[in-house]
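Asks: What follows is each chain in one-letter form.
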Amino acid sequence: MNEALFRVAEVIGTVAFAVSGGYAAVRAGMDWLGVGVLAVVVAVGGGTLRDVLLGIHPIWWVREPDLLIVACVTSVVVLVVATVHPQSKLDTRRTVLYADAIGLAAFTVTGTSIALAHDVQPWIAVMFGVITGAGGGVIRDVLVRRKPLVLVGEIYALASIAGGVVYTVLRETELPSGFAAATAVALVLLIRVAAIRRHWRLPRFEEPEG
Amino acid sequence: MNEALFRVAEVIGTVAFAVSGGYAAVRAGMDWLGVGVLAVVVAVGGGTLRDVLLGIHPIWWVREPDLLIVACVTSVVVLVVATVHPQSKLDTRRTVLYADAIGLAAFTVTGTSIALAHDVQPWIAVMFGVITGAGGGVIRDVLVRRKPLVLVGEIYALASIAGGVVYTVLRETELPSGFAAATAVALVLLIRVAAIRRHWRLPRFEEPEG
Amino acid sequence: MNEALFRVAEVIGTVAFAVSGGYAAVRAGMDWLGVGVLAVVVAVGGGTLRDVLLGIHPIWWVREPDLLIVACVTSVVVLVVATVHPQSKLDTRRTVLYADAIGLAAFTVTGTSIALAHDVQPWIAVMFGVITGAGGGVIRDVLVRRKPLVLVGEIYALASIAGGVVYTVLRETELPSGFAAATAVALVLLIRVAAIRRHWRLPRFEEPEG
Chain A
1 MNEALFRVAE VIGTVAFAVS GGYAAVRAGM DWLGVGVLAV VVAVGGGTLR
51 DVLLGIHPIW WVREPDLLIV ACVTSVVVLV VATVHPQSKL DTRRTVLYAD
101 AIGLAAFTVT GTSIALAHDV QPWIAVMFGV ITGAGGGVIR DVLVRRKPLV
151 LVGEIYALAS IAGGVVYTVL RETELPSGFA AATAVALVLL IRVAAIRRHW
201 RLPRFEEPEG
Chain B
1 MNEALFRVAE VIGTVAFAVS GGYAAVRAGM DWLGVGVLAV VVAVGGGTLR
51 DVLLGIHPIW WVREPDLLIV ACVTSVVVLV VATVHPQSKL DTRRTVLYAD
101 AIGLAAFTVT GTSIALAHDV QPWIAVMFGV ITGAGGGVIR DVLVRRKPLV
151 LVGEIYALAS IAGGVVYTVL RETELPSGFA AATAVALVLL IRVAAIRRHW
201 RLPRFEEPEG
Chain C
1 MNEALFRVAE VIGTVAFAVS GGYAAVRAGM DWLGVGVLAV VVAVGGGTLR
51 DVLLGIHPIW WVREPDLLIV ACVTSVVVLV VATVHPQSKL DTRRTVLYAD
101 AIGLAAFTVT GTSIALAHDV QPWIAVMFGV ITGAGGGVIR DVLVRRKPLV
151 LVGEIYALAS IAGGVVYTVL RETELPSGFA AATAVALVLL IRVAAIRRHW
201 RLPRFEEPEG
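Protein chains in written order, with the UniProt record's numbering: chain A, 1 to 210; chain B, 1 to 210; chain C, 1 to 210.
Since the hints were made in silico from the structure, they are not lab data.
By construction, the Cβ of each residue, glycine as well, lies at the ideal position given by its N, Cα and C atoms.
Do not rely on the hints blindly, as some may be mistaken.
Derived pair list, reagent style BS3-like, types lysine-lysine, alpha-carbon separation capped at 27 Å [stated by the list, open to error]:
(1) Lys147/B with Lys147/C
(2) Lys147/C with Lys89/A
(3) Lys89/A with Lys147/A
(4) Lys147/C with Lys147/A
(5) Lys147/C with Lys89/C
(6) Lys147/B with Lys89/C
(7) Lys89/B with Lys147/B
(8) Lys147/A with Lys89/B
(9) Lys147/B with Lys147/A
According to the in silico footprint, chain A covers these stretches of chain B (three or more CB under 8 Å from chain A) [to be verified]:
(10) 25-36
(11) 47-59
(12) 137-145
Some chain B residues flagged as far from chain A (calculated, every beta-carbon gap over 12 Å) [unchecked claim]:
(13) Arg94
(14) Thr173
(15) Ala182
Please take these sequences and the hints and turn them into a complete structure.
Replies: What follows is the structure, encoded as C-alpha cells:
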C-alpha cells in the first residue's frame, strides 16, 4: 500500500475517532473540556494501550504528535458544532461511520505490523491489531459509562480480527508488504461497511432484568 | 511447593477466571466476541497490570502464551455452554468458585514473588500479589459496568493480602521457597473457601439512595 | 519554590486525594478494603498513569513509597471516621476541597516538570501535568461508576492546564525554576479556590433522557 495513502487513512480515522469520542462526551452531558478529553482519548487510546503493553517508549503520540494534533483540532470542531447545533449527531452520520471504518482498518494494520516487528507471535499480533483499532472505543465507553459498543453486537472487533489475520498471513508470503496492508485495509473496510449498510450483527446474549 | 503442582494451580485458576469473565459478559448482554474478550481480560488482566506497573517487558502472555491459550479455549467452551444452556450459571457454581480460589491463591503467590524479585519492598510486593490475583476481576467489573465485586464485601482481596504477607514473611526465613509458596497458597484457599461456605463478608458501608 | 514547602504541598494533596477516594468508596457502598483501595488509587493513580505513559520504571511509589504510606494511613483514618460517623462527609468539606486544590497544584507541577525532563514537547508536558493532577480522580470515578467529575463542569482540569502552561512558559525563561513552580502552584490554587467559592463552572452539554 502506498505509504502516503496509508497516512491519509490514519488521518481520516483519527478525525472519525475524535468525532465519536467528542460526541460521546456531549451525549453524556460532559463539559467542554470533557469533549476535548474524550475526543483525544478515543483517537489515541488504542495505540497507547498497544505501546504500553509492548513496552514501546516514548509512546507514539509523544514521539510523533501529528495525529494527536489532528485529534485536538477535531475536538474543537466538535465543540463548536455541538454548541451551535446541539441536535447535530455527527457521530451517527454515515460519513463519519465510514471514516471510522477507515480508521479501524488503518489502525488494525498499524497495530498488527508494530507487534510483528516486536517479535510477537502472529496470532498475538492480531490481538494487538484489535487492541489498537478498537481499544480507544472501549476506553470511551468506560469513561461515559456505556456498555462497550464493540462488544455488544456490532461487527467491529471482528472486522479488525479478519484484517489482522489476512495481514499477518500475507506478510508471511513473498508478496510486498504494501500489498498485505492494502488487502487487509480493504477487507476491514468491506466487512465494516457491509455491516453498517446491512445491519449485520453478531448474536448477543439477552440481558436479564438489570 | 512442587513446581508442576503450582503450574496446575495456575491453569485451574485461569480456567476459573475465564469462566467468570465470560459469564459476566453473557449476563451483561454482550455478543460472542464480548464473551471471548472478557474471558481473556479477566484471566490475563491481573498479571498484565503487574507487568506494566513493574515495567516487565515483554509482558507475560507475550513471552509465554500458554495460559492465554487456556483462557481462549475456555472462552469458547463458555460460549458454547451459554448458547446451548442460557440458564446455566457456571460461574456461580461451587466448583467454579473453588477453582477461582485456586487461581487467586496461585496468582497471589506469583505476583508477590515476581515483585520481590524486582527488588520491591516487601509490603509493596504484597500489593502486587493482590493486583495480580484480584486485578482481572476489577477490570471485568469495570467493563460490564458492575461495582467491583472484590471491593463490596467479599473476603477476596483480603485472602490475597493474607497469602501475600505469609509468603513474604516465610521467604525471609531459611525455609525453602517451595514451602513458602505452598503455605501461602493453602492459606488463601482456606480463607477463601471458608468465606464462600460460611458467607463471611467484610462490613460494608450502606449505599445512600442513588 | 522552596523544596520543603513543595513537599508539604504534596503531602497535603495526597491526604486530600485519599480522603476523596475513601469517601467515594463509602458512598458507593463498598467494604473496608474498598475504602483503602480507592483512597490509595486516587492518591497514586495520576502519577502512576504518568510514569507508565512516560515509561519511567520503577514507578514512583515503588521507588519512594512515602506518599503511598501517607495515603494508606489516611485511608485508615477515613475508615474509622466513616464508621463512627456515617454521616460525616469529610470529602465535601471546604477544608478538604482546599487541600485537594493544593494537591492538584503540586501534582500538576510535578507531572509537567517530570515530562519536560523526559524531553517531551512543552504542550504535551502540560497534558502530563493534567494526567498527574486529575488522573487519580478519573480512575476513582470509573471504579465507583460515577461520571468523571473533572469532566462534568468543575473548573478542575482547566486549573491544572493553566498551571502547566504557566510553569512550562516560565521554565523557558531565565527565572529560577523554583519561581516557576511557585507561580504555577499559586495560579492553580487561585483558580481552583475561586471556582469552589464562586461556583464557577464550565458550560456543559445537556444530557438527553438516559
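Asks: Does each hint hold? Answer for all of them.
Replies: Against the structure, the hints:
Taking the CA atoms of Lys147/B and Lys147/C, the gap is near 14 Å; set against the 27 Å cutoff, the hint holds. At most 27 Å may separate the alpha-carbon atoms for a hinted pair to count; Lys147/C and Lys89/A meet this at roughly 21 Å. Under the criterion of a C-alpha separation no larger than 27 Å, the hint pairing Lys89/A with Lys147/A is consistent with the structure, at around 19 Å. Between Lys147/C and Lys147/A the CA atoms are separated by roughly 14 Å; this keeps the pair inside 27 Å, and the hint holds.
For the suggested pair Lys147/C and Lys89/C, the alpha carbons sit about 19 Å apart, so the restraint of at most 27 Å is met. As the CA atoms of Lys147/B and Lys89/C are separated by approximately 21 Å, the hinted pair is consistent with the 27 Å bound. At roughly 19 Å between alpha-carbon atoms, Lys89/B and Lys147/B fall within 27 Å of each other, so this suggested pair holds. Proposed proximity of Lys147/A and Lys89/B is supported: the alpha carbons are some 21 Å apart, at most 27 Å.
The hinted pair formed by Lys147/B and Lys147/A meets the criterion: a straight-line CA distance of about 14 Å does not exceed 27 Å. Judged by the Cβ-Cβ criterion of 8 Å, the segment 25-36 of chain B is covered by chain A as claimed, because 11 of its residues qualify and three suffice. Given as covered by chain A, the segment 47-59 of chain B passes the check, having 6 residues with a CB less than 8 Å from a CB of that chain where 3 are the minimum. Look at the segment 137-145 of chain B against chain A: 4 of its residues bring a Cβ nearer than 8 Å to a Cβ of that chain, three or more, so the hint holds.
The non-interface label for Arg94/B is consistent with chain A: the shortest C-beta to C-beta separation is roughly 21 Å, beyond 12 Å. Look at Thr173/B: its CB is around 35 Å from the nearest CB on chain A, clear of 12 Å, so calling it non-interface holds up. No Cβ of chain A approaches the Cβ of Ala182/B within 12 Å, the least distance being about 32 Å, so the stated non-interface status holds.
Violation of the numbered hints given earlier is absent; every hint is satisfied by the structure.
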